[in-house]
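Chains as they are written, first to last, in UniProt numbering: chain E, 1 to 223; chain L, 1 to 273.
These are calculated hints, taken from the structure and not from any lab test.
None of these values were measured; they are calculated from a predicted model.
It is possible that part of the hints are untrue.
No more than 16 Å apart at the CA atoms, straight line, and that leaves these computed lysine to aspartate or glutamate pairs for EDC-like [what the hints assert, rightly or not]:
hint, chain 1, residue 1, chain 2, residue 2
1, E, Lys124, E, Asp54
2, E, Lys105, E, Asp131
3, E, Lys68, L, Glu100
4, E, Lys138, E, Asp171
5, E, Lys72, L, Glu100
6, E, Lys87, L, Glu100
7, E, Lys186, E, Asp216
8, L, Lys41, L, Asp181
9, L, Lys51, L, Glu202
Simulated restraints on C-beta separations [unchecked claim]:
hint, chain 1, residue 1, chain 2, residue 2, range
10, E, Gln88, L, Asp233, 29 to 35 Å
11, E, Ile197, L, Gln111, 48 to 54 Å
12, L, Asp181, E, Asp219, 58 to 64 Å
13, E, Gln96, L, Ser54, 38 to 44 Å
14, L, Ser58, E, Arg215, 39 to 45 Å
15, L, Phe154, E, Ala6, 54 to 60 Å
16, L, Ser123, E, Thr101, 51 to 57 Å
17, E, Gln96, L, Ser101, 58 to 64 Å
18, L, Ser207, E, Asp183, 51 to 57 Å
19, E, Asp183, L, Lys51, 55 to 61 Å
20, E, Tyr217, L, Ser54, 54 to 60 Å
From the three backbone atoms N, C-alpha and C, an ideal C-beta is built for every residue, glycine too.
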Amino acid sequence: MTKQQANWSPYDNNGGSCVAIAGADYCVIAADTRMSTGYNILTRDYSKICKLADKCVMASSGFQADVKALQKHLAARHLIYQHQHNKQMSCPAMAQLLSNTLYYKRFFPYYSFNVLGGLDNEGKGCVFTYDAVGSFEKVGYSSQGSGSTLIMPFLDNQLKSPSPLLLPAQDAVTPLAEAEAVDLVKTVFASASERDIYTGDKLEIIVINADGIRRDYMDLRKD
Amino acid sequence: MFRNQYDTDVTTWSPAGRLFQVEYAMEAVKQGSAAIGLRSKTHVVLGCVNKANSELSSHQKKIFKVDDHIGVAISGLTADGRVLSRYMRNECINYSFTYESPLPVGRLVVQLADKAQVCTQRSWKRPYGVGLLVAGLDESGAHLYYNCPSGNYFEYQAFAIGSRSQAAKTYLERRFENFVDSPRDDLVKDALMAIRETLQGEALKSSICTVAVVGVGEPFHILDQGTVQQMIDAFEIAGEQEVPATDPDAAAGQEAASEQGAAADEGVAPMDI
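Looking at chain E on its own, in the form it has when it is part of the complex (with noise of 0.2 Å):
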């Protein structure tokens, strides 16, 4: 008698690749726009990124349902916040908040692969990078998604992140200036797009400084 599996799962996948990288003074957001469902494409032109508050945005791959209810879910959390302190709530806060409420679901996961990006108190960016169930973790840079295995060693190459295992504590934020920044996550993207067949369509890079939050488009690839 062999184990009964399940004939029918509550998760899908609808591809795609998210990237942040933090500046000393910006921070870079960026995910495709193309929602798949195995070989098919659903739309060419759905966003990943979520602004959660004033100085934090997300962007999350994976299952897209779970994504928008996690979402929500934060935008009224981030509401009660605001009511409660009478201001907006920095990146670290929503940082540790998007952790627990992940990891409130650890039996029953938000099917959800997120990368929180942002300006800190002092307006430094800052990067926060997530496992579906809220393991976390400040970073100079990260991608999730399914390109991200094309795009993190990339990105660990041009940014040169100093080994974690390193004493004192190094900041792995980036020297690199915003516009460099932005060019390096178009080039990611072409090239993930390139292998990935899940990447592709269109880019949304999101900049976020001390002038505001900003948002630029891209075209990639389409097949």
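Fit chain L to the known structure of chain E by using the hints.
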């Protein structure tokens, strides 16, 4: 109203068919410092008087943002008001989450009224001792509601509650027909004038009042002190009133009492002087 054998419990009727505890709760509203509200077709303005207990303390918060499109001004037991504001905020957030659209004001006040009614029909509860002026905007336009501790609610073009509110009400009664088409700034000016009426001669300064606005294209927000002071100065309404205030106090007391449907016993409390 004086103490009698039917006023111990909220669940005890008097032979005259009154619930005294509920009426006493409405008295608590009259004891609180004044709050006023007025609306036009596109905007609603809330204002309140902020008197600190002593020079050393800060004043209590009496105007709360409930959502981008709804705000509330309270009078009476501010602690009860705070709790009800939290409830309202929660309801708005939950509705937004489910329906991805703002909670219509009319729905919110009904929920609030039902919540208040529950406290008038449970022996282990007491009525909320706070009156709420709910200002909000939805698809059907700008709204101003007054929620009573009794569980009743009414929609108003303009209203005032709290101590010395009769003076403000008289001012508003004279002007309210013009409010519907009033531009936003005129509405705020009228609110400040109404607040001034409740101060009975004391100078109107931005440090003793709070004003909040919600309107089409303008999410609910409390005006900052600088802006309010500017408006006060601009409209030259600071300082002592040149014209004698309003109706004679006795008449004012009677009016207010009869509004509540209670016989005007020795109950003309210090509030309406």
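Hint check:
Proximity of Lys124/E to Asp54/E is assessed by CA-CA distance (about 14 Å); at most 16 Å being required, the pair is judged to hold. Taken as a hint, the Lys105/E and Asp131/E pair is honoured in the structure, with Cα atoms around 13 Å apart against an allowance of 16 Å. For a cut-off of 16 Å, the pair hint linking Lys68/E to Glu100/L stands: about 12 Å separates their Cα positions. Note on Lys138/E and Asp171/E: the hinted pairing holds, with a Cα-Cα distance of about 10 Å set against a maximum of 16 Å.
About 9 Å separates the Cα atoms of Lys72/E and Glu100/L, which keeps this hinted pair within 16 Å; it holds. Simply put, Lys87/E and Glu100/L have alpha-carbon atoms about 23 Å apart, too far for the 16 Å limit, and the pair is violated. Using a Cα cut-off of 16 Å, the hinted pair Lys186/E and Asp216/E holds, with the two alpha carbons roughly 11 Å apart. As the CA atoms of Lys41/L and Asp181/L are separated by approximately 6 Å, the hinted pair is consistent with the 16 Å bound.
Simply put, Lys51/L and Glu202/L have alpha-carbon atoms about 12 Å apart, close enough for the 16 Å limit, and the pair holds. For Gln88/E and Asp233/L, the Cβ-Cβ distance of about 32 Å falls inside the hinted range of 29 to 35 Å, so the restraint holds. The hinted window of 48 to 54 Å between Ile197/E and Gln111/L holds, with their beta carbons roughly 50 Å apart. Remark: the range hint 58 to 64 Å for Asp181/L to Asp219/E is contradicted by a beta-carbon distance near 50 Å.
A beta carbon spacing of about 39 Å between Gln96/E and Ser54/L agrees with the range 38 to 44 Å that was offered as a hint. Checked against the hint of 39 to 45 Å, the pair Ser58/L and Arg215/E passes, with Cβ atoms roughly 41 Å apart. Between Phe154/L and Ala6/E the beta carbons are some 56 Å apart, a value that agrees with the proposed interval 54 to 60 Å. About 41 Å separates the C-beta atoms of Ser123/L and Thr101/E, a value inconsistent with the hinted range of 51 to 57 Å.
A hinted range of 58 to 64 Å for the beta carbons of Gln96/E and Ser101/L is inconsistent with their spacing of about 30 Å. Evaluation of the 51 to 57 Å hint for Ser207/L and Asp183/E yields a pass: the beta carbon distance comes to about 53 Å. Our hint of 55 to 61 Å for Asp183/E and Lys51/L holds, since their Cβ atoms are close to 59 Å apart. Checked against the given bound of 54 to 60 Å, the beta carbons of Tyr217/E and Ser54/L, roughly 59 Å apart, stay inside it.
This entry does not satisfy hints 6, 12, 16, 17, going by the numbered hints stated previously.
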